[in-house]
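As they're listed, the protein sequences go chains A and B.
Mapping the first sequence onto this note's numbering, position 274 (from 1) lands on 274, and the numbers just tick up by one.
Mapping the second sequence onto this note's numbering, position 223 (from 1) lands on 223, and the numbers just tick up by one.
Calculated directly from the structure, the hints in this document are not laboratory data.
Hints are not guaranteed to be accurate.
Stretches of chain A that chain B covers, calculated by requiring three or more beta carbons in the stretch to come under 8 Å of a beta carbon on chain B [claimed, not checked]:
# : region
1 : 7-19
2 : 37-45
3 : 71-84
4 : 102-116
5 : 120-132
6 : 254-261
Using N, Cα and C, we set each Cβ at its ideal position, and we do this for glycine too.
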Amino acid sequence: MSGPGPLAAALERTRALIAPPSGADLHPERTDARSRLTAALSPLVERLPAGDQVVVTVPTLRQALVDPDRLARPEEPFRWKSAFARRSLGLAVVEACASGRFRAPARAVGPIADEAVAEWERTGWRTFHWEPWLAGLTSGARAMVLADAVGWATGVWSLLDWRSLASDAQVGGAYDQWVSPAPRTIRLKARSEVRVPIPGSDPDTAHEPTSGPRTALVSVSGGCPTPGWADELAYLALVAGLRSTSRPVPARVMGLWPDAGIHRCVEIDAVALDRVTDRVVATVAAVVEARLAAVPAD
Amino acid sequence: MPPVRGSPPPAPLRMRVTPPVHTVGMVVMDVDRMPGAPAAGWDEGSFVPPSGIADVHPAHVRLPPEVIRRWQPLAGNELLERLRVTGRRRPPVDLELVSRLRVDLEGGLAEDRIDGDLPAPVVVTKDRLTAILACEAHQLVTGFGERAPTIAMACGALIDVLFRQLVTVGGIDDPMADGVAALSVDGHHQPLVSWLERLSAADRAELRAEVTRQAEGLQRRWPALEPGWLPRTQEPMRVPLLGGAMELSARVDLAIGRPAVDEGSVAIVEVKSGARRVEHRADLHYYALVETLRSAAPPFVVATYYTRTGELDVEPVTWPLLFAAAHRTAAGAGLLRDQERGADQVRRSSALCARCAALPGVQVGPTPAAAGAIASGASASGASAASPTDADRTAA
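Isolated chain A, as found in the complex (with noise of 0.2 Å):
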């Protein structure tokens, strides 16, 4: 049995990403989301001292699942790493590639890199927010930021087929927020690589009560999938919904692990969006433990 090879997988897998959706908009079922996190997440988020907050992310929900003592551990503080910006940096040369303005990952970047540093000299805005560091850096130091690039980029894009996706599909893009009204402040936020719009799937505005098409999420993640994955799909989706109540909710979301090959998605319907509320709320529950069990007792 021959084939289909790697790259008639990926024609077959942006297929399977753009296929019309299976079911009808999820506006009540997100209605209904919403009021489930926020009857559920009040009274768990009361315990903690006031100021405090909690932001929810997919690492948030993975750690919980696997490893909740490390729910409490202070964050390191922040300082930019090659593998900080290797996923921005990569997003923008994949744009770049889907825009047809570079033929290769490996030739955008080195033109990209240089366009936003120059960009922030000039106006001193950060479009990325690395670009003062990248500017800092030695030629050595440098290169090794290109290459992560280049070898996340050329992974993304060797996974798609570029050419069968919208022209409107946008790569990259802020995060996905949604901020629960509790007496604590509780930040869901999410983001996605690529969201495709699905042709065709516009909804019957004369009944429904969003406007515009419903779309597609594409999540990369490294490594292989990791227990819970398909509800870490479905918390994309979820943010997402709840961000903006007059879209609809996402139609599926196709997570990548380039790294292993591997895709998976997730058709979202009323019952993935219930199970992925209940898994944001037990995390919530396990910060909330893990940081009153740290507090050490009077």
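With chain A's structure known, arrange chain B on it following the hints.
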């Protein structure tokens, strides 16, 4: 014996650039030796860099003049062509064979499955595999990723990042400064960077001389790689097995080639700053296996590039090679899993590993799994022994 007249200072030639490895691995590979090179005394301390300094050699090795004159490392397009044209048909993409490969691998691991899950997957790497197949006791003694820095290790790490730099930006300014800066940019190499900062002036000078020499060789010989071939350095590769209970892990210095359509299209190159060793071939086979499983397509070639000499050891990938690699990997992975589970308290040591053989509770002799793996590896090498090597070539 006094140095030969006209030779450069002897210190760089006595560099400790070869990583200390298990004694079983201390056999210098006999294939692809430079024609006419003496078998005895041709070890890490006396290897003559043949490129550009043809009149330089250690005093105790007398190279025939025709050898010195004839052998030149491949460079530029010749090097590239040597990688691209292996002399064999590229392996076809065959999902059924990929599936059988996985079944063989997982079947071999499931046979001696022991109840009870481990909290984290057993991670298999090329080094762990080689170590445990050579000597189980040695693996216990050395542990996982716990090697104290040495000059050889530092040289290897610096050359790795300089190679990345060369492939990515096309040039190297000051090899030592660029290399140290590259190692410092992330936290992963901090212990090595701190160790480098504490090096004595003499050791540092010695390291700098060797790194500079090898980096210059790289710049002189390595061709620019077309971006359209998607060159990527330090490419991480992972393959989960047995539902995630085990994970094959690898990181290759260079992968090049677009995703395959109907036949293997990717070349994998490992860069080594030290001496040639027999286990490097098994490492390449392991990389080929991991790439095949993760991409569902085999690479068409795997190669090791020796920066110290400019030698290029190229091996075309075949399906028999991949199946042999799967058997070897299953044998080693099973031992690693048993060790992590603490299932087998008897540690077997290779008779050649004097240090481990003397440890209490250690039984001397090959493990059945290792013996099988060695046999598999031998058959794989046999299958590919017909492949030409660059050392067989002479400069035009």
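Cross-check of the supplied hints:
1. Coverage of the region 7-19 of chain A by chain B holds [criterion: at least 3 residues with CB-CB distance below 8 Å; count 4].
2. As drawn, the region 37-45 of chain A meets chain B at 0 residues by the rule of a beta-carbon pair under 8 Å; below three, the given contact is violated.
3. Interface restraint, the region 71-84 of chain A with chain B: holds (3 residues with C-beta to C-beta distance below 8 Å; minimum three).
4. Look at the region 102-116 of chain A against chain B: 7 of its residues bring a Cβ nearer than 8 Å to a Cβ of that chain, three or more, so the hint holds.
5. Counting residues of the region 120-132 of chain A whose C-beta lies closer than 8 Å to any C-beta of chain B gives 0; at least three are required, and the coverage claim is violated.
6. With a cut-off of 8 Å between beta carbons, the region 254-261 of chain A has 4 residues touching chain B; three or more are needed, and the interface restraint holds.
Hint compliance for this structure: hints 2, 5 are not met, and every other hint is.
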